[in-house]
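Asks: Listed below are the residues making up each chain.
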Amino acid sequence: MWPIPINPLVIKANEIGVGFAVAARMQSYITAGRIRSCVIRHKQNNASPRHRSVPFRPRRRHKQEYIGARGRMAVGGGPGHAPVVVGTPGTPLFHRVESPTQDRAVAALQTRSFEMWGRPAQGSSLPSVKAYRNALPQTRRGVEFWTGSSPTPGSGTPYEARWYLGSPGVFAPAAAPRGNAFAAISINYIKNTQVP
Amino acid sequence: MLKPVPLTVLEGYEMIPQAIISRPTSYFAVRHSIPFSHEHDDLDEYEVAAVQIGDGLVFAMKHYQGYPENTTTIYLPDRIKRVTEISYVIEAISRELGISRDLIMWQRSDDPDL
Numbered sequence: 001m002w003p004i005p006i007n008p009l010v011i012k013a014n015e016i017g018v019g020f021a022v023a024a025r026m027q028s029y030i031t032a033g034r035i036r037s038c039v040i041r042h043k044q045n046n047a048s049p050r051h052r053s054v055p056f057r058p059r060r061r062h063k064q065e066y067i068g069a070r071g072r073m074a075v076g077g078g079p080g081h082a083p084v085v086v087g088t089p090g091t092p093l094f095h096r097v098e099s100p101t102q103d104r105a106v107a108a109l110q111t112r113s114f115e116m117w118g119r120p121a122q123g124s125s126l127p128s129v130k131a132y133r134n135a136l137p138q139t140r141r142g143v144e145f146w147t148g149s150s151p152t153p154g155s156g157t158p159y160e161a162r163w164y165l166g167s168p169g170v171f172a173p174a175a176a177p178r179g180n181a182f183a184a185i186s187i188n189y190i191k192n193t194q195v196p
Numbered sequence: 001m002l003k004p005v006p007l008t009v010l011e012g013y014e015m016i017p018q019a020i021i022s023r024p025t026s027y028f029a030v031r032h033s034i035p036f037s038h039e040h041d042d043l044d045e046y047e048v049a050a051v052q053i054g055d056g057l058v059f060a061m062k063h064y065q066g067y068p069e070n071t072t073t074i075y076l077p078d079r080i081k082r083v084t085e086i087s088y089v090i091e092a093i094s095r096e097l098g099i100s101r102d103l104i105m106w107q108r109s110d111d112p113d114l
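Protein sequence lines, in the order shown, are assigned to chains A and B. Residues in the first sequence are numbered from 1 upward in steps of one, following the numbering used here. Residues in the second sequence are numbered from 1 upward in steps of one, following the numbering used here.
Read the hints as simulated data drawn from the structure, not as lab findings. Hints may be right or wrong, so weigh each one.
Sample of chain A residues at the chain B side, in silico, Cβ under 10 Å [what the hints assert, rightly or not]:
| id | residue |
| --- | --- |
| 1 | R96 |
| 2 | V97 |
| 3 | L126 |
| 4 | V129 |
| 5 | P137 |
| 6 | R140 |
| 7 | G156 |
| 8 | A161 |
Glycine residues also receive a C-beta, built at the ideal position from the N, C-alpha and C atoms.
Modelling step: build the complete structure from the supplied sequences, incorporating the hints.
Replies: Spelled out as structure tokens, the structure:
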């Protein structure tokens with residue numbers, strides 16, 4: 001029988017954890033008689049096992065396309081993603097916050113097109129672009145923008161601004177889906193924090 | 001007299017924000033039994049109720065999440081355009097709601113061009 005000098009530092013470097021690794025893995029190797037000084041010589045990368053043990057393997061979908069960890073993370077977003085900033089900010093700033101209608105896809109479209117669109121408010125037939133005044137609060141996800149078009153006078157509050165068709169700089173976007181009324185304005189700067 | 005009406009009554013109206021009251025929607029929900037519902041639009045998510053006052057005028061009470069906490073905004077139909085008329089209606093609504101003038105933190109006459 002070979003001498004078995006166990007090097008605990010090597011054993012610790014696996015995904016299972018220290019105590020469990022020493023107790024379980026080494027015991028199985030000892031009984032299999034494969035260990036010589038804790039180096040598994042038939043593996044190229046012998047610092048860690050080639051395959052994770054079953055409970056630690058990533059789950060895969062066997063009937064549909066596999067969704068990797070990045071795909072899952074993208075739904076919830078992560079704290080480490082920097083906002084996308086295009087253009088140079090001016091004053092006054094406006095912002096919109098993430099909502100069922102201002103989702104990530106819409107924010108990305110606004111960033112790419114440099115336009116803000118708006119539908120009619122509930123019950124109305126008049127499309128208008130709506131936004132909050134001032135910069136986007138640190139605590140909320142959304143888009144912050146600056147536009148050269150002034151909001152329609154007499155339609156806002158100290159917190160809310162609206163741009164109606166007929167006001168300078170407000171247009172009906174040609175790319176709007178048929179049957180849907182939209183108003184739109186061009187913007188000069190946008191900061192999108194709805195990333196990823 | 002105040003009378004809550006279904007939101008469908010607001011169909012066809014463009015509602016413009018004309019005054020902000022320093023009271024939360026829950027204040028009016030409890031005190032006047034006004035049922036608020038949760039909705040969302042391009043701007044944000046909000047609580048809203050449609051209310052009719054004595055002369056038949058319908059207005060909306062809303063609180064968007066991005067507005068200051070404990071505020072309710074009065075929205076009037078866009079056919080009420082003149083500032084004096086807006087102030088008159090806001091005063092009538094305030095009287096019906098039983099709120100004093102100092103609870104109106106902003107109204108159109110404060111800044112007609114906003």
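Asks: Each of the hints needs a verdict: does it hold here or not?
Replies: Hint-by-hint comparison with the structure:
no., hint, result
1, R96, "holds, 7 Å"
2, V97, "holds, 5 Å"
3, L126, "holds, 5 Å"
4, V129, "holds, 8 Å"
5, P137, "holds, 8 Å"
6, R140, "holds, 8 Å"
7, G156, "holds, 5 Å"
8, A161, "holds, 8 Å"
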